[in-house]
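*Asks:* Each chain is listed here by its residues.
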Amino acid sequence: MRNWFKTEDVTEEISPEQRAYLTRLKLKKTVIYLIQILILIGFFAIWELLASWKLIDAFLTSQPSRIYHTIMNLYHQGVLFGHIGITCGETVVGFLLGTIFGTMIAAFLWWSDFLAKVCEPYLVILNSLPKIALAPIFIVWIGAGPSAIIAMALAISLIVTILEVLNGFLAVDQDQVKLVQTFGAGKRQTFTKVILPASFPTIINALKINVGLSWVGVIVGEFLVSKAGIGYLIVYGGQVFQLDLVMASVMILAVAAAAMYQAVVYLERFLIKR
Amino acid sequence: MKYHSLNGEIHALENVDFTVNKGEFVCIVGPSGCGKSTLLSMIDGLLKPTGGQILIEGQPVCGTSAKVGYMLQKDYLFEWRTILENIYLGLEIRKSLTKKSKVFVMDLLKTYGLFDFKDKYPRQLSGGMRQRAALIRTLAVQPEILLLDEAFSALDYQTRLLVTEDIYGIIKKEHKTALMVTHDIAESISMADRVIVLSQRPAVIKKIYDIQLNCEKRTPISSRNAVEFKLYFNEIWKDLDVHA
Numbered sequence: 001m002r003n004w005f006k007t008e009d010v011t012e013e014i015s016p017e018q019r020a021y022l023t024r025l026k027l028k029k030t031v032i033y034l035i036q037i038l039i040l041i042g043f044f045a046i047w048e049l050l051a052s053w054k055l056i057d058a059f060l061t062s063q064p065s066r067i068y069h070t071i072m073n074l075y076h077q078g079v080l081f082g083h084i085g086i087t088c089g090e091t092v093v094g095f096l097l098g099t100i101f102g103t104m105i106a107a108f109l110w111w112s113d114f115l116a117k118v119c120e121p122y123l124v125i126l127n128s129l130p131k132i133a134l135a136p137i138f139i140v141w142i143g144a145g146p147s148a149i150i151a152m153a154l155a156i157s158l159i160v161t162i163l164e165v166l167n168g169f170l171a172v173d174q175d176q177v178k179l180v181q182t183f184g185a186g187k188r189q190t191f192t193k194v195i196l197p198a199s200f201p202t203i204i205n206a207l208k209i210n211v212g213l214s215w216v217g218v219i220v221g222e223f224l225v226s227k228a229g230i231g232y233l234i235v236y237g238g239q240v241f242q243l244d245l246v247m248a249s250v251m252i253l254a255v256a257a258a259a260m261y262q263a264v265v266y267l268e269r270f271l272i273k274r
Numbered sequence: 001m002k003y004h005s006l007n008g009e010i011h012a013l014e015n016v017d018f019t020v021n022k023g024e025f026v027c028i029v030g031p032s033g034c035g036k037s038t039l040l041s042m043i044d045g046l047l048k049p050t051g052g053q054i055l056i057e058g059q060p061v062c063g064t065s066a067k068v069g070y071m072l073q074k075d076y077l078f079e080w081r082t083i084l085e086n087i088y089l090g091l092e093i094r095k096s097l098t099k100k101s102k103v104f105v106m107d108l109l110k111t112y113g114l115f116d117f118k119d120k121y122p123r124q125l126s127g128g129m130r131q132r133a134a135l136i137r138t139l140a141v142q143p144e145i146l147l148l149d150e151a152f153s154a155l156d157y158q159t160r161l162l163v164t165e166d167i168y169g170i171i172k173k174e175h176k177t178a179l180m181v182t183h184d185i186a187e188s189i190s191m192a193d194r195v196i197v198l199s200q201r202p203a204v205i206k207k208i209y210d211i212q213l214n215c216e217k218r219t220p221i222s223s224r225n226a227v228e229f230k231l232y233f234n235e236i237w238k239d240l241d242v243h244a
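Chains as they are written, first to last, in the numbering used here: chain A, 1 to 274; chain B, 1 to 244.
Only chain B is shown next, with the shape it has when bound in the complex:
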């Protein structure tokens, strides 16, 4: 992927080739500015790669598709809409706000404890609840693949751990395939089945880790107690080769 500007072109990504299996949770870590977000934007169809191709279920990506849901760094709930109206946003845009989809949204709201808050405005909700509402907004259009772009980075640390736990639970429960971009090594190990480490720009894949942790009932928080956690952390830290 190359970006063009008046000051010349920037090679953001180069030879990044990987596959995500159905139901898998994959994390991409890499130094800041290495093109992680660019990668997600291309998978979502917001950007067209200047070379190479992206296939979803064998079909090349062209433009945004209903199969892919995108979670941004902040919740970006609109202050002028109620929680319910915010959640309807994607359905409205896709012109699929039907009786059936409304029932589906109501079920999601009930399952994930937001039903009583559906008529509130975003500012009346806590950070964790807002993030949950944002996830339901993404799930409302029934994507099969979720792209998470540093989705929790705007939260304070405690909330972040809890929200990670929460969102991870929902993604697993809904059997979604997830691809998350983060620069938080611990977060990536705690959530992912596989971690892909990218290099500095122009980014190439440095290494891919299959994360196998010995712990009962794996959740992001319990993962952090596994013995292997630290080993993975040190390995990835070395790969990233950060110079302060």
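Same shape as in the complex, but just chain A:
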């Protein structure tokens, strides 16, 4: 009588058609992957060749081999990882603080509808304000150093996080909320049992946005005040007309930013796919 209670499962056997379909799918994936790598190699190869044939001025555009030597030089001077470490450290701290504080403030605003209504116009104004304009204030208040840079990264990511996460909290299905209330849940339990876990994907998304924003904040901060870090190398290279150094730093930056984004993606898979 109860055989209709059955979970759906996929048949074990693979038919020839299914196999052909899977092969096609895999082939397509491989081709896309290959083309992506070819574009990357092609780009650097053409750049290198154009520069060595003097079709473009390597003094202005630099060239891959010189970038490589610049990076190796930094490495042999023993400062490469110091610069990378400082910038990555500032970014990680900035974006963690942004996410944690942003989520906490969003939680308070969710808690009190009254508070949220009061704060709304201020959040809107702060959100539309270009946060970079605040940099001089931070430098005066906090001093020209890593703290001001972190403050910059925090300022850029905080408001977006608050708005993003608060919207996530408010978008939780009201019937799920009603469910826990029928069990007698108060505001606190409603938050911990439903609102927070249901908003996890939103918070992870905020994390992804924050990584990018924190990089912006940190690099801008380093442009303005720092004596070390990737942003410092870029500005310094620009000032002394060493485009090799600028390009090398941008390359390092691209790799570091991509790596950090990937880390968040892995974190997401780990947390959500359980």
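There could be a bad hint or two in this list.
[To be verified] Listed next, the in silico DSBU-like pairs over lysine-lysine satisfying Cα-Cα at most 30 Å (straight line):
(1) A:K117 / B:K99
(2) B:K22 / B:K95
(3) B:K99 / B:K172
(4) A:K187 / B:K48
(5) A:K178 / B:K217
(6) A:K178 / B:K172
(7) B:K99 / B:K118
[What the hints assert, rightly or not] Just the calculated beta-carbon pair ranges, DEER-fashion:
(8) A:A171 / B:T98: 52 to 62 Å
(9) A:N205 / B:G33: 32 to 42 Å
(10) B:Q124 / A:R19: 38 to 48 Å
(11) A:V124 / B:N234: 55 to 65 Å
(12) B:Q200 / A:I14: 50 to 60 Å
(13) A:K227 / B:K95: 48 to 58 Å
(14) A:L27 / B:N225: 50 to 60 Å
(15) B:L231 / A:P201: 45 to 55 Å
(16) A:E120 / B:C62: 45 to 55 Å
(17) A:R24 / B:F115: 48 to 58 Å
(18) A:N205 / B:K207: 37 to 47 Å
(19) A:A259 / B:G33: 47 to 57 Å
(20) B:N234 / A:V118: 54 to 64 Å
Since the hints were made in silico from the structure, they are not lab data. Glycine included, each C-beta is placed from N, C-alpha and C at the ideal position.
Based on the hints, put chain B in the right spot on chain A.
*Replies:* Then chain B, alone, in the frame of chain A:
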């Protein structure tokens, strides 16, 4: 019951007075938007009536109580919890997740064939099983009265009939008092001992039917074959006075 909004107040319910006896299965039918769900929310203590009172075993309702279990329109199992963790939800909130209550839940799971699925996630279960898990979640806190708010309306028709049969069996087996709200006339006759028909908003009780069907071993599906079924259906249909 009145609702207040900027556009004025809405009279949802007016002079709705009835009693549900212990162990009885009562259905409330009424046109959409007449305040059926409001009524259940008030009985559960989620809403405070603006006038009148609700008594459970002689005690006025104030706030949600462990005596009352509420089944919503969908199962609302949380995707981030396993079936077992979902079923523990009510116990966790009521802070009564003890060894004893865990044993009670395990027994329910075994009796109703969900034990092997307790560590699965909701998305891995069929619609019928999810509904059953939702009922066990409600039963886990050991309520005496069950409120069902269109509890099967999210299911497709075939599944709905089977789930109705299934859930009805469980409610009867556990000797629970049930009050169900629905707009499905056939469903109400097939399950209820009594059917209360509400009018358009502001809702008043239009009629109360004692459902007596001539059939052996009454279940929601067998009820539909009883001769009286059609008569009740026509009567209630007329009462509802639906204009297309």
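*Asks:* Quick one: are A259 (chain A) and G33 (chain B) within 47 to 57 Å, going by C-beta?
*Replies:* holds, 55 Å
*Asks:* Return holds or violated for the Cβ distance of N205 (chain A) and G33 (chain B) against the range 32 to 42 Å.
*Replies:* holds, 36 Å
*Asks:* Decide if the proposed pair is consistent with the structure: K22 (chain B) and K95 (chain B), CA atoms, cutoff 30 Å inclusive.
*Replies:* With a Cα-Cα distance of about 27 Å, the restraint between K22 (chain B) and K95 (chain B) holds, given a limit of 30 Å.
*Asks:* Assuming the hint says 48 to 58 Å, is it satisfied by the Cβ distance from K227 (chain A) to K95 (chain B) or not?
*Replies:* holds, 56 Å
*Asks:* Has the given pair, K99 (chain B) with K118 (chain B), been kept, meaning a C-alpha gap of at most 30 Å?
*Replies:* holds, 17 Å
*Asks:* Holds or violated: K99 (chain B) with K172 (chain B), Cα cutoff 30 Å?
*Replies:* Between K99 (chain B) and K172 (chain B) the Cα gap is close to 26 Å, so the pair holds against 30 Å.
*Asks:* Between Q200 (chain B) and I14 (chain A), does the C-beta distance stay in 50 to 60 Å?
*Replies:* holds, 58 Å
*Asks:* Taking 48 to 58 Å as the hint, is the beta-carbon distance of R24 (chain A) and F115 (chain B) inside that range?
*Replies:* violated, 42 Å
*Asks:* Regarding the pair K117 (chain A) and K99 (chain B), is the alpha-carbon distance no greater than 30 Å?
*Replies:* This hinted pair is violated, its Cα atoms lying about 44 Å apart.
*Asks:* I want to verify a distance hint. Is the separation of the beta carbons of E120 (chain A) and C62 (chain B) within 45 to 55 Å?
*Replies:* violated, 34 Å
*Asks:* For the pair L231 (chain B) and P201 (chain A), does the Cβ-Cβ distance stay inside 45 to 55 Å?
*Replies:* Holds, since L231 (chain B) and P201 (chain A) (Cβ atoms, about 52 Å apart) stay within the stated range.
*Asks:* So does A171 (chain A) sit 52 to 62 Å from T98 (chain B), Cβ to Cβ?
*Replies:* The hint (52 to 62 Å, Cβ to Cβ) is violated, given that A171 (chain A) and T98 (chain B) are roughly 35 Å apart.
Hint compliance for this structure: hints 1, 5, 8, 10, 16, 17 and 18 are not met, and every other hint is.
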